[in-house]
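Novice: Can you make the complete structure from the sequences, with help from the hints?
End of the sequence shown sits at 451 in my numbering; the numbers just go up one at a time, nothing left out.
No wet-lab data here; the hints were simulated from the structure.
Ideal Cβ positions, reconstructed from N, Cα and C, are used throughout, including at glycine.
Check the hints yourself; a few may be wrong.
[What the hints assert, rightly or not] List time: in silico EDC-like cross-link candidates among lysine to aspartate or glutamate, alpha-carbon distance up to 16 Å:
{"hint": "1", "residue 1": "K324", "residue 2": "D207"}
{"hint": "2", "residue 1": "K75", "residue 2": "D207"}
{"hint": "3", "residue 1": "K181", "residue 2": "D153"}
{"hint": "4", "residue 1": "K425", "residue 2": "E442"}
{"hint": "5", "residue 1": "K113", "residue 2": "E279"}
{"hint": "6", "residue 1": "K181", "residue 2": "D148"}
[Stated by the list, open to error] Each pair of labels, with its calculated beta carbon distance range:
{"hint": "7", "residue 1": "G448", "residue 2": "Q49", "range": "22 to 30 Å"}
{"hint": "8", "residue 1": "G367", "residue 2": "A88", "range": "48 to 56 Å"}
{"hint": "9", "residue 1": "R206", "residue 2": "H50", "range": "41 to 49 Å"}
{"hint": "10", "residue 1": "R206", "residue 2": "D177", "range": "53 to 61 Å"}
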Amino acid sequence: MKRVAPVIALGLSALLAATVPAHATGSRPLNSYGTKASYEPRQSVRSYQHAPRGYVPVFTETVSRHGSRAATSGKDGDLILGLWDQAAREGLLTSAGRRFGPDVRTLLAAMDKIGYGNLSGRGRQELRGAAARLEQRLPDLFRRIAQDSEPIDVVNSGEARAVASGNVFTDALAADDPALKPLIRPARTERDLLYFHKSAGGAAYRDYIDHDQRLAATLNSITDQPATRQAARRVLERIFAPAFVQRVADGEFSSIASDVDAAQAVYNLYAIAPAMSAEMPDGRALPMERYIAPRDAAWFGYLSDAEDFYEKGPGFADSDITYKMADVLLDDFFQQVEAKRDGTSTLGAELRFTHAEEIIPLAALMGLPGSTEAATPDRPYTYEDNTWRGTSVAPMAANIQWDVFRKGDTYLVRMLYNEKETAFKQGCRPVSKGSAFYDLNELERCFGRAG
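Specialist: Structure (structure tokens):
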């Protein structure tokens, strides 16, 4: 969570305090994991529309977030264990709190074993399942790929978890159909395409994250509410005696800035625990929910979503700085289909593996469900008046897929978002009302690519 000095927020603090309700979670289900949510496909393999008569699949392309992973560092665990060890020495743990330390150490040991930030067993399961369902959805396409020896191109960001995700996915494809194995090209890295937030094309974006005072003020004002401090107190009092929690709030411990930061660390461990279920002794996620009540997990989930919304998603209504850089990835989607149509590509499939920092802005750029509404400066993001949710926009292994079908010289495109048939943005016309299929020429017009 971003923390900024109060002086930065003075210009908007009073205004935002009046417009962000204390119950900003609205009707949100009280189990928020934000973008750390584990993956579940959003549609059954047997429920997809059939292509219009005479059309056959000729190409598919995807971009996928890496699968579930370990936390990127042990910072949260180390921070909260420092407090826990002190409270244990002083006999100031609750009955639940006495179990908390051993649970955190079990979780940290598992993450350390696979490597912080690396793909977990659950992440591998997510990717294997996605690969199997891809073949099940398009059996005729993969038979054609094998029969005509069409290459399958694999591209990643170069980060270890994205590289591993691509390997797991393509290994699963080859295991299901060994004829595909020699057609899967060695994976290559394109950071400008799949890690653009850290590449040259993301320079203006990084300046926004580091220096934009409106962003800092907005996030500070959303976080710095009585509801946050109240939730933090409740979280910590599940683990520590009230007197110890007060000492944390009073700043007695130099290892932690505030009681909110301590509670945030507990939430972060709660959120990552499901991703590590396969590494636990019984193959089930640690029950970290016993240390954070549903309403408090939902509140900290909202704060996490607010940060992602403003830093990666639709953001402010008068700016496209958070998602404009995703143009490079959307262009690549179109270029791959156009090359297939124009006869300049022999690929059967294009598979890309990336990160939430790329999926979230691409969803905003494309106007995908949940990513269509930005926030105005005088009405900050809340769950009550905005449908953006990290758990649905970019869970672990989130994916966007375009399937291409041909009949003569006509090409149709179907989009899946987290494996659900999804309409293209408003203004794009499908081939018939309610159809999931769009003429490529229509998509080029709708997205301003028609010459």
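Novice: So, for every hint listed, does it hold in this structure?
Specialist: To see whether the hints hold, each was checked on the structure:
The suggested pairing of K324 with D207 holds, with an alpha-carbon distance near 14 Å, which does not exceed 16 Å. At roughly 25 Å between alpha-carbon atoms, K75 and D207 are farther apart than 16 Å, so this suggested pair is violated. Only pairs whose Cα atoms come within 16 Å are accepted, and K181 paired with D153 is accepted, the gap being roughly 12 Å. The suggested pairing of K425 with E442 holds, with an alpha-carbon distance near 12 Å, which does not exceed 16 Å.
For the hint linking K113 to E279, the alpha-carbon distance of about 9 Å falls within 16 Å, and the restraint holds. Restraint check for K181 and D148: satisfied, since their Cα atoms lie roughly 14 Å apart, inside the 16 Å limit. For the pair G448 and Q49, the beta carbons lie near 27 Å from each other, so the given range of 22 to 30 Å is met. For the pair G367 and A88, the supplied restraint of 48 to 56 Å holds, since their beta-carbon distance comes to about 51 Å.
For the pair R206 and H50, the beta carbons lie near 45 Å from each other, so the given range of 41 to 49 Å is met. The supplied range of 53 to 61 Å is broken by R206 and D177, whose beta-carbon atoms lie about 42 Å from each other.
Figure legend: structure checked against the earlier numbered hints; hints not met, in rising order: 2, 10.
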